[in-house]
Amino acid sequence: SPDLTRDEDEKQGYGGGPITNEGAGGEIYGTIYALAESPHEPGTLWTGSDDGLVHVTRDGGGSWENVTPAGWGEGMINEISVSPHDAGTAYVAFSRYKFNDFTPRAYETTDYGRSWREIAGGIDEDAWIHVVREDPVRRGLLYAGTETGVYVSFDGGARWQSLQLDLPNTPINDL
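Letter 99 of the sequence shown, counting from 1, is numbered 99 in our numbering, and no numbers are missing.
Careful, some of the hints might be misleading.
To be verified - No more than 16 Å apart at the CA atoms, straight line, and that leaves these computed lysine to aspartate or glutamate pairs for EDC-like: (1) K98 x D126; (2) K98 x E74; (3) K98 x E147.
It is worth saying that the hints were derived from the structure and are not from the lab. Since we're looking at a predicted model, the values are computed, not measured.
With the hints as constraints, model all of the structure from the sequences given.
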């Protein structure tokens with residue numbers, strides 16, 4: 001497989017030391033951070049990198065297509081999940097917190113990444129998104145784990161509402 005990151009030498013190096021790279025302001029990138037396998041099609045895999053790229057293969061890694069939308073810029077692909085209902089539908093949780101930008105961002109594709117739709121409307125500002133999952137039974141019912149809690153959308157991500165109820169304000173990294 002080819003390198004599925006931006007492969008920028010100046011942004012690669014060894015981490016460690018008494019302070020994490022993010023805390024010290026260093027930008028060490030070039031890692032596949034998210035990987036999702038299609039439950040519908042053997043050999044269909046999605047990757048997301050910590051420098052903001054999304055790739056898909058439909059032949060078990062024989063060839064990869066960069067399906068990153070123009071204009072996303074650098075950021076972290078926190079999670080990719082494939083719809084349990086449709087082979088070409090995937091959800092990407094994208095963040096730029098390493099750049100002090102905490103805007104919530106999530107995207108949906110229904111055509112293997114040829115086009116993307118933003119689906120973060122209604123999630124509180126500064127609640128960057130870690131994960132988006134579609135309900136395994138009800139198509140279009142989405143859940144989002146954010147830096148501040150859980151959200152739900154009953155309309156495929158057009159509108160979100162908090163599902164916190166009496167839960168504490170806490171990061172939700174997976175659902």
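Which of the numbered hints are not met once you compare them with the structure shown?
none
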